[in-house]
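From first to last, the protein sequence lines are chains A and B. Note that the first sequence covers residues 1 to 489 in the UniProt record's numbering. Note that the second sequence covers residues 1 to 489 in the UniProt record's numbering.
In case anyone wonders, no lab produced these hints; they're calculated from the structure. It should be emphasised that the depicted structure is a prediction, and the values quoted were computed from it without experimental measurement. Among these hints, one or two may not hold up.
Covered, in the sense of this in silico footprint (three residues per stretch, anywhere, with C-beta under 8 Å from a C-beta of chain B), are these stretches of chain A [stated by the list, open to error]: (1) 41 to 51; (2) 123 to 131; (3) 154 to 167; (4) 315 to 329; (5) 346 to 354; (6) 379 to 393; (7) 401 to 412.
Beta-carbon label-pair distances, calculated as ranges [what the hints assert, rightly or not]: (8) B:Ser37 x A:Asp385: 34 to 40 Å; (9) A:Leu315 x B:Asp470: 43 to 49 Å; (10) B:Val123 x A:Gln18: 57 to 63 Å; (11) B:Arg285 x A:Pro143: 46 to 52 Å; (12) A:Ser16 x B:Lys258: 39 to 45 Å.
Under 10 Å between C-beta atoms, here's a sample of chain A residues computed to sit facing chain B [stated by the list, open to error]: (13) Val13; (14) Lys192; (15) Ser249; (16) Glu396; (17) Tyr468.
Just so it is clear, CB atoms sit at the ideal spot from N, CA and C, and this is done for glycine as well.
Number of protein chains: 2
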Amino acid sequence: MSKPLKQKRQNYVHISWQPDKNSKMPLYKQVVEYVSSKVSGGDWAVGSRLPAQREMAKAFGVNRSTIVSAMEELMSYGMIEAAYGGGTRIASNTWSLFLSSPPDWNKYISSGPFKANVPTIQVINKLEFDSKYIRLGTGEISPDLFPKTMMEDLMKVLPKRISSLNYLGPHGLPELQESLSKRLAAMGIEAKPSNILITSGSLQALQLISVCMLKPGATVFTEAPTYLKSLQVFQSAGMDLNGIPMDQSGLMYWKIEKVLQGSLLYTISTHHNPTGTIMPQGRRREIYDFCSANRLPILEDDAYGELWFDEKPPLPIKSMDKSGMILYTGTISKTLAPGLRIGWLVGPESVVDRLGDVKMQMDYGASSLSQWALTELLESGAYDDYLKTLRIKLKERRDLALDLLERYFADIAEWTAPKGGFYIWAHIKKSIPSDKLFHKALSKNILLNPGSIYDYKENRSIRLSYAYADKKDLETGLQVLSTIIKKYK
Amino acid sequence: MSKPLKQKRQNYVHISWQPDKNSKMPLYKQVVEYVSSKVSGGDWAVGSRLPAQREMAKAFGVNRSTIVSAMEELMSYGMIEAAYGGGTRIASNTWSLFLSSPPDWNKYISSGPFKANVPTIQVINKLEFDSKYIRLGTGEISPDLFPKTMMEDLMKVLPKRISSLNYLGPHGLPELQESLSKRLAAMGIEAKPSNILITSGSLQALQLISVCMLKPGATVFTEAPTYLKSLQVFQSAGMDLNGIPMDQSGLMYWKIEKVLQGSLLYTISTHHNPTGTIMPQGRRREIYDFCSANRLPILEDDAYGELWFDEKPPLPIKSMDKSGMILYTGTISKTLAPGLRIGWLVGPESVVDRLGDVKMQMDYGASSLSQWALTELLESGAYDDYLKTLRIKLKERRDLALDLLERYFADIAEWTAPKGGFYIWAHIKKSIPSDKLFHKALSKNILLNPGSIYDYKENRSIRLSYAYADKKDLETGLQVLSTIIKKYK
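Next comes chain A alone, as it looks inside the complex (with noise of 0.2 Å):
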C-alpha cells in the first residue's frame, strides 16, 4: 500500500444514474443534464475527477460514442477540462453562476486539520457495505454470531429501566459506571466509577486524548506494525508516531530511543491487532517498569481481551499500575456490537475529568440507551454468558481458518495460530506488492486489510479474520487468494 499512502487524495465524482433510453432527449443530452446538474447542485464538487470514458460508458450504460459527445458539450460550457495526469475533471460551477451562486465547496472540504483517511481504508470503509465482496479481514463479529434471542430479551426488561433519555452527565450513566467498576475489579484493575469515563467506542477515546492530552509533535510509540497506523487521528492532531518493532513477546521497548516530556506509548497488549500477539506477563512487567523510570505514560487498548480461546491471557499492565500512569480503554465493539458504540476508559480522575469536559462539547457523549442497554447485559449476567458462548464459536471459526490456510496457503505463506481475538497474520513469501494483491484480490470480489495499512513500512502480510466472512465465504475467499497469489509473476 505504499504507493496509494503517498498518493494525493482523489476525488472521483459517484455516478448513479442512468439516462432514460425511451425518452425522447438524446441520450448524450441527458447525461449533459444529469452532470450540470450534479455540479450546479453542489453535489459535485469543482476538482473532482470523473471516471475515465470507458468507466463512464458502463457507469451511464451507453455507448463510449455518447460519452464523447456529451463531454465534449460540457467542456465546451467549461463546466469540466483536461485533468492534470489524464482524464477529466469539474472545472467550474460558472455555468450555474446564472441560475445563483453556489460557494466553492471544495475550497472548504479541503480545510481544516483534519486528514482524510488514506485510500485503501477509504475503499474498505465503502466496499464493506456492498454485498457482492468477500471481507477477508473485517474486525467485527459476523452477524451469525449475533445475540438475537439476548437482545430480544434484553428489549423485554430494557424500557422498566429508562425512564427517560435526557443528557447524560460529562462522564456517563453513572449505572454503567458501576458495572464497569466491577468487572474492572476481576481483571486486577482498580477503578473507582469516578476513574472510568463512558465513550463512544473506544476510537472516541484515542480522538479525545489526541485533541486534548498531546501537543502537535508529541511522539505516540505504537508497535510496529498497529492498528493506530491505519487511523488519522494522532496524525491529524498533528502527532508523530513512532513504531517500534516487536518479537513474539510484543513491544521491544528497549529499541526506544529517547522519550521526550509529552510522549505517549500505545500498546495492544493482548490478542494484538493486526499481528494476534499476547504479550506474556514477563514483557508486560518490563514495560511498566520501563515507562515508570522514563515518566513515559501507557495507553492500554485492550479491545480483545477477553476474547481468549483456552485460557486467559496475563491480566492487563494496568492491573499493575499503582501511579495512575497508564490510561486503559476498554470496548465492547469487538465482543458483542461496534453498532451500540460504547467504550470506556480508566484513568486517574484529573484526565477522567477533562476529557469528560470536551466530550461535553464534541457530541454530548454516548447514547444513553445504548449505556442502558449495556448495564442491563453486565448486571444480569448475560452478558457473560453470551461470552462463554462467543469464545467458543470463535474458536471453531479459527480451525477452520487454520485447516484452509494449511490446505491452500502451505506453500505460498507463514502463521502463527492465534490464542484468542480475530487475526491471522499472514504472512505472503512471494514478494508482490501490497496495493497490487489488494487490487487483484478486489477484482475478484476480495476484499482484504494489507498489512501495510498497519505498518510503518510495506508490508507483505495480510490481516486475515475468521471473525467476519461465513464459512462458505471464508473458504471461497481464501482459495480464490491462494489462486491469485500463485498464479502472481
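Following the hints, position chain B against chain A.
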C-alpha cells in the same frame, strides 16, 4: 458572566470522602493519608487547588483545627503549597516518587488545542445531575414528558428489525436516511439519502464542520446572542465568532460588514436559542439572497423547528436552496430524547462525503441501536403522533410560565411570549451582573442559564425554559428568583 469567562480556569479538587471517627488513627492523619493517596494515584493533578479550609472542614466533616494540622503535615512533605491568590494547591507528587512515579498529568491535560468549557457551563453541566437544584434554564424536555408507552411499544418491535448491530457506513443507517429524506421533503427540503449524514446529535455536525471545513481564523457569523457562544466547538478550532445583532425578525444581515472567502453564517432560524425569535419568511428570503450574492454559505440549525404551538413557522431557509449553499442540521434531542444522540446534516454530497469520512475517524458514527429506534418511530408514524401531544403539553407549560412571570416578574423584567420552542428570554430591568445573579440563585438551589453565556458581551437577560422543571418547581423557582432580584441592591 463576563468575569468567569475571562477568569483563568481553576481546577479545584473534589472531596467525596470522610474520615472514620471510630478509627484509632487520628482524624488529621486520616485526612493526610487520603490526600496523599489522591495525589500519588494521579487523581488530583499537580497544580489543582484545595478548597478553603472552612469548606474542607465541611467536606471532611471535621473541625477546622483538624484541617490545619493535616495541611501542615502535607506542607512539610512538600505535597501542597500556598497558591497564588490565596489557598493551597497540590505542589508535587515527589513524595510518591518513592513508591513509583506517575507522569505529570497536569502537563498533559493542559495540552492539546481543545479548550475547557467556560466555568459557568462546567458548573451547569455538573450540577444538572444534582437533584437538589431547580433547573430553570435546562434545554431538554422534562422526564414527565418522556413517552414511556411509545418507547415500550418500540422495544417490542425493534428486535425484529435488528439482525446485527455491526459497524455502519460513513453516512449512517440507510433506512434512516430514507425516512429522513421523505420527512425533509414535507418541509420543502429536497434531499436525497446521499445528501444526509447521520451524526451523534447536531453538536457533532458542528464539531465535524469545525475540523474539516473551516480554516483557523475563519469568520463564523452568528446571531448575537446565540447558542453557539455557549459552546467552545468553533473557538477550540480557532474560528473567529462574529456576533450580528438581532431585531424582532432575527439576524440583521445588513450589519455584516465584510465577507471574506471561507466564512460561514450560522443561524437558528426558528424558535431561536436563546431568544425564542422566529425569523419571518421575508427575512429568510433576504438572508438567502444576501448570502447567495456574497457566496457566504449558511449553516441553518433547526433543532426546534417542529416545536410550534398554534401555527407552523415558515419553511426552513434550506427550502429555498437550489444551489447547495446551505448546510442544514436537524435533531431529535429537543423533541424526543437527547440521550439517543441522533442528529442529521443535509448538504451537497461533496460535503457529506468529506464529513462522513472524518466521522469514521472520530467515533465510527452514532449508535445503530438509536438509529434503528428512530427509523422505526418515523416509519410507524408514532413519532408524529407523539409530536402532536408534545406540542399541546409544551404549550400548557409555556402558558403556566407566562402566568407565573406575570405574577412574580411584572415589575422587574420584560419578555415576549414565544410561539414555540423551549425558552422565554427575560430581560431583567435591574442592573445585576449576571454572574452575581447566577451565584445568588445557586445558593438558593436554583440553576440559571444567564444571558451572558450566549452573548458576546454582558447580557442581563436570562434564558428561562418551561420545558424541563416540573410545574411545582417552576413556580417555586420563579418565586424565589423574583425575591432574589427584588432584594438586590
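Okay, the hints, checked on the actual structure:
1. Check result for the region 41 to 51 of chain A against chain B: holds, 6 residues qualifying (beta carbon to beta carbon below 8 Å, three or more required).
2. Check on the region 123 to 131 of chain A: 4 of its residues sit with their Cβ under 8 Å from a Cβ of chain B, so the three-residue criterion for coverage holds.
3. Look at the region 154 to 167 of chain A against chain B: 10 of its residues bring a Cβ nearer than 8 Å to a Cβ of that chain, three or more, so the hint holds.
4. Counting residues of the region 315 to 329 of chain A whose CB lies closer than 8 Å to any CB of chain B gives 4, so the stated coverage by that chain holds, three being the minimum.
5. Check on the region 346 to 354 of chain A: 6 of its residues sit with their Cβ under 8 Å from a Cβ of chain B, so the three-residue criterion for coverage holds.
6. Three residues within the 8 Å Cβ limit are the bar, and the region 379 to 393 of chain A against chain B gives 0, so the coverage statement is violated.
7. With 0 residues carrying a beta carbon less than 8 Å from a beta carbon of chain B, the region 401 to 412 of chain A misses the three-residue requirement, and the given coverage is violated.
8. Between Ser37 (chain B) and Asp385 (chain A) the Cβ separation comes to about 37 Å, which falls inside the hinted range of 34 to 40 Å.
9. Between Leu315 (chain A) and Asp470 (chain B) the C-beta distance comes to about 48 Å, which sits within the given range of 43 to 49 Å.
10. The hinted window of 57 to 63 Å between Val123 (chain B) and Gln18 (chain A) holds, with their beta carbons roughly 58 Å apart.
11. For Arg285 (chain B) and Pro143 (chain A), the hinted distance range of 46 to 52 Å is satisfied, since their beta carbons lie about 49 Å from each other.
12. Distance hint check: the CB atoms of Ser16 (chain A) and Lys258 (chain B) are about 40 Å apart, consistent with the given range 39 to 45 Å.
13. Hint status for Val13 (chain A): holds, given a least beta-carbon distance of 9 Å to chain B, under 10 Å.
14. The interface hint given for Lys192 (chain A) holds, since its Cβ lies 9 Å from the closest Cβ of chain B, which is under the 10 Å cut-off.
15. Of the supplied interface hints, the one on Ser249 (chain A) is violated, with its beta-carbon coming no nearer than about 23 Å to a beta-carbon of chain B, more than 10 Å.
16. For Glu396 (chain A), the suggested interface contact is broken, since its CB lies about 19 Å from the closest CB of chain B, more than 10 Å.
17. Against a cut-off of 10 Å between C-beta atoms, the interface hint on Tyr468 (chain A) holds, since the closest Cβ of chain B lies about 9 Å away.
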